[in-house]
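**Q** Sequence:
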Amino acid sequence: MAKRLTRSIVRAPRDQRRVVLIFGCQRSGTTMLQQTFLDRSWRVLILEEHDRRLVGNDRRENRWQDYPTVFHRIRRLPFEVVAAKPLVESDRVTELMDAADAVKAIWMLRHYQGVAQSSLRRFGTENPYQDLQPFCSGDTLDWRCRGATKETRKTVIELLNSGLSPLDAAALFWWTRNQLYFDQRLWEDERIRILRYERACTGSDDVIQSLSDYVELPLPLHSIASKVRPQHGTSSVAELDPAVEQLCKKMWDSFVGYPEL
95 MAKRLTRSIV
105 RAPRDQRRVV
115 LIFGCQRSGT
125 TMLQQTFLDR
135 SWRVLILEEH
145 DRRLVGNDRR
155 ENRWQDYPTV
165 FHRIRRLPFE
175 VVAAKPLVES
185 DRVTELMDAA
195 DAVKAIWMLR
205 HYQGVAQSSL
215 RRFGTENPYQ
225 DLQPFCSGDT
235 LDWRCRGATK
245 ETRKTVIELL
255 NSGLSPLDAA
265 ALFWWTRNQL
275 YFDQRLWEDE
285 RIRILRYERA
295 CTGSDDVIQS
305 LSDYVELPLP
315 LHSIASKVRP
325 QHGTSSVAEL
335 DPAVEQLCKK
345 MWDSFVGYPE
355 L
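With the working numbering applied, the sequence shown covers 95 to 355.
What the hints contain is simulated information worked out from the structure, not anything from laboratory work. Among the hints, a few may not be true.
[Unchecked claim] Okay, the calculated beta carbon distance ranges per label pair:
(1) PHE349 to PHE217: 31 to 39 Å
(2) GLN224 to LEU315: 35 to 43 Å
(3) GLU252 to GLN110: 46 to 54 Å
[Stated by the list, open to error] Calculated lysine-lysine pairs in the DSSO-like style (CA-CA distance at most 27 Å, straight line):
(4) LYS343 to LYS248
(5) LYS244 to LYS343
(6) LYS248 to LYS344
(7) LYS244 to LYS344
The structure presented is a predicted model; accordingly, all values stated were derived computationally and were not measured. For every residue, glycine included, the Cβ atom is placed at its ideal position computed from N, Cα and C.
The whole structure should be built from the sequences, with the hints applied where relevant.
**A** Laid out in structure tokens, this is it:
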């Protein structure tokens with residue numbers, strides 16, 4: 095509230111306002127990036143995933159309204175940086191960045207073991223199967239399957255038919271969401287960078303400096319560092335189905351060498 099009040103008096107010039115979009119598979123640290131790293135600056139406004147300026151008045155909705163309208167609303171906010179995470183729009187990254195105009199984007203990447211275990215703790219053991227169901231039914235309008243290639247859908251169906259544990263299914267869903275990074279060839283776009291969750295948890299000073307340089311705004315180092323949580327989820331590695339492990343590990347290794355913070 096104090097932040098908004100200050101900015102209502104000292105408004106950032108319109109030509110200095112920009113947007114930071116945060117993408118990534120659920121449970122990959124997108125909320126941590128918003129609340130722990132970016133929200134500590136009074137010059138940054140965080141829009142939560144159900145904010146009416148993004149999704150309208152239905153608080154249960156996750157999908158953004160039409161992008162020109164959303165970014166028109168965002169550009170009216172008197173902050174130098176407005177940060178938002180399009181929770182279910184990871185298949186439309188380029189379209190979103192084009193609509194945002196002055197934009198920087200971040201793809202949060204967390205190890206599949208950590209994401210899968212965190213997902214089961216947060217959402218329960220049935221949720222991974224529900225996340226993968228649209229691939230089996232061919233519901234390409236469902237956000238979980240939207241944007242997936244025929245090859246991705248075929249892989250999911252074949253592995254599910256072989257019989258997967260909840261942990262296997264959660265890891266497989268991680269694979270489908272991060273496959274969108276490659277399907278959209280996002281490494282070729284200078285407006286987006288990868289940020290690894292594990293690095294953010296263990297090397298916060300370096301991350302804060304890199305993030306500050308990237309968004310072109312100095313973030314408060316000491317204020318942020320004291321709020322960074324220790325890494326969770328990958329200390330105990332559970333055994334995955336060999337085919338799922340091979341698939342996820344190959345993708346994890348494939349991210350090496352692409353533009354990172």
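**Q** Holds or violated: LYS343 and LYS248, Cα atoms, limit 27 Å.
**A** Holds. LYS343 to LYS248 sits at ~19 Å (cutoff 27 Å).
**Q** Range first: 31 to 39 Å. Now tell me if the beta carbons of PHE349 and PHE217 are that far apart.
**A** violated, 24 Å
**Q** For the pair supplied as a hint, LYS248 and LYS344, confirm whether the alpha-carbon distance does not exceed 27 Å.
**A** holds, 18 Å
**Q** Is it true that the C-beta distance of GLN224 to LEU315 lies inside 35 to 43 Å, as the hint says?
**A** holds, 41 Å
**Q** Could you grab the alpha-carbon distance between LYS244 and LYS344 and see if it respects the 27 Å cut-off?
**A** holds, 19 Å
**Q** Check the hint pairing LYS244 with LYS343 against an upper bound of 27 Å on the C-alpha distance.
**A** Cα-Cα ~21 Å, so holds.
**Q** Between the beta carbons of GLU252 and GLN110, is the distance compatible with 46 to 54 Å?
**A** holds, 51 Å
When held up to the earlier numbered hints, the structure conflicts with hint 1 and nothing else.
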